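J.: Read top to bottom, the protein sequences are chains A and B.
Its first residue numbered 1, the first sequence is counted upward by one per residue in the numbering used here.
Its first residue numbered 249, the second sequence is counted upward by one per residue in the numbering used here.
Each hint should be verified, as a subset may be incorrect.
What the hints assert, rightly or not - Quick list of in silico lysine-lysine cross-link-like pairs, DSSO-like style, CA-CA up to 30 Å: (1) A:9 x B:291; (2) B:542 x A:202; (3) B:548 x B:477; (4) A:43 x B:441; (5) B:477 x B:252; (6) B:291 x A:201; (7) B:441 x A:12.
Said to hold, decoys possible - Partner residues aside, some chain B positions facing chain A, computed with beta carbon under 10 Å: (8) 293; (9) 300; (10) 317; (11) 337; (12) 427; (13) 430; (14) 442; (15) 450.
Derived by calculation from the structure, the hints in this document are not laboratory data.
Just so we're clear, the structure is a prediction, and the values are computed from it rather than from any experiment.
Built from N, CA and C at the ideal position, the CB exists for glycine as well.
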Amino acid sequence: MAVVFQKPKALKDTLMHYCPGCTHGIAHRLVAEVIDELEIEGKTVGIASVGCSYNSYDYFSCDMIQAPHGRAPAVATGVKRCRPDCVVFTYQGDGDLAAIGTAEIVHAAARGENITVIFINNTVYGMTSGQMAPTTLLNQYTTTTPYGRISDLHGFPINVCELLATLKGAAYIERASLHDIKHIKKAKEAVKKAFKVQLAKKGFSMVELLSSCPTNWGLSPAESLRRIEQEMIPQYPLGVFKGEDLEV
Amino acid sequence: MGQKRLMRGNEAIAEAAIRAGCLYYFGYPITPQTEIAHYMARKLPERGGVFLQAESEVAAINMVYGAGSTGTRVMTSSSSPGISLKQEGLSYLAGAQVPAVVVNIMRAGPGLGGIQPSQSDYFQACKGGGHGDYRQIVLAPASVQELYELTVEAFNLADRYRIVVMILGDGILGQMMEVVEFRDEELIEHYDKPWAVTGHGNVREQNVITSIHLNPAVLENMNRNLQEKYELIKKKECRYELFRHDDADLFIVAYGTVARIAKSVIEMARREGIKAGLIRPVTLWPFPTEAFEKVMDRAKAFLTVEMSSGQMLEDVLLAVNGRRKVYFHGRMGGMVPAREDILKVIRDMHEKHVKNYKAAVTAGS
């Protein structure tokens, strides 16, 4: 029988530890499919960060480095500067990238560092059990905003794509969503373009993927996907924020 | 030896690094070591390398982590408050066994402190400034010539043991100018780095650089491997200088700039008939306890002199282990110990441990 669907080569054939209904698995798959299609696994170095995806090196087949919390763009910079022919990507969550790692992501983008960033935004710290993230929506309940995120107390959500798009060094910035098949297909195109931008040496590329966290949201997987569509997208509109016309 | 040049200490470090094959530097400005960055910014592009001014010390050490993970010789430099910021990264480098060279040209603390020379980061450098059971090799040069030679050696040691090597200098060493004689050819040791993360090229298994092991048994095993490596380094890499030690009965223990002052004090003491000598640790970790065994028979007492409140003093006390009295003289805040003050302590020690000891022995017999 013909094989019509299989695991990408860039993903190992192993069980993932992610919770049922979590979209990390989809995000991993998209990155791996793109690595396969561009035939770059042999020269790719991935940087895992701190958070639920700390051990993504157990899932991706390429060479990997596990970085300190928030520092993945700096670690990626060190790799890329020494090995410009390697394809270097970071895989970071919203706490990692938009809180503790704000300086590293802003300056990697400002330098036009020729790396690709996969940014998982699920509006919550997943691994440490559901605390407020910089991207937590107003009025969202988390373990550290038990009365809801109140702007007077906790400030406002950070729109990372919009922020980084103001920087000249950022070549390609897109926000996509993983809440249904149509959007997943679009997300894959975004990831692919981001890697192609790096291969074409055009500078910094980042794709933000709106993701779910059923466990910490206290919702079923299906409800979680609906929440992305109904609550997250209004705050985090989808689209290309930088490099729409970039030919790669 | 070959070409001679008059150089500032910081520049000698930078030139040495380049000669040792380090073409990648990531750093952030801070007095009194910034000349290292200036030199690298000028020279590395000429040699096909990369100088990058990072957004912070934190970012700089993580760029070093990334660069070192590719098996490339890499360094960063800073001064005390900046080195504090690098501690998280240093702990990761230790855990993941990524080789790198880190220079600390110490200034006085705590806090923002001042920009004058100090030795008050000894604990941080030698006892593990970051979290976890880890060590780094700490080298303490005492001249511009030695800054050059030990920096070259630091890269060899880092690669040999997959460890961070710290050059621990102070503001005087960084800023002073002396003649340096460069070797015609550097003694660069080359090591295979099959662990390096460079893309597997579809020809080998995946390489992973990591320090996380959530299984405690695995993590304990990793720690045991680290400790075994540290024991090997302790056995093989202790370095020290003994000065005027053959006939000495009183010993000053000092490193770096203070060791130079101590040598001058020892000559002054000898003109007064006091037989003083010097133990100068060159490796601060591993601490050269062997030097103490060599002189213990003859030594009547020790005097530790530091530009701190007494940090190396604790290692001296451990090495002497109660067998002799250990005195201490220190200055802090960027103040430098004066020869006369040290000599005064030496005279008192001579009075108590040599003259009176002789009198007591004579009376007893």
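J.: Hint by hint, work out which the structure violates, then give me just those numbers in ascending order.
T.: Result: hints 1, 2, 3, 5, 8, 12, 13 and 14 break, sorted rising.
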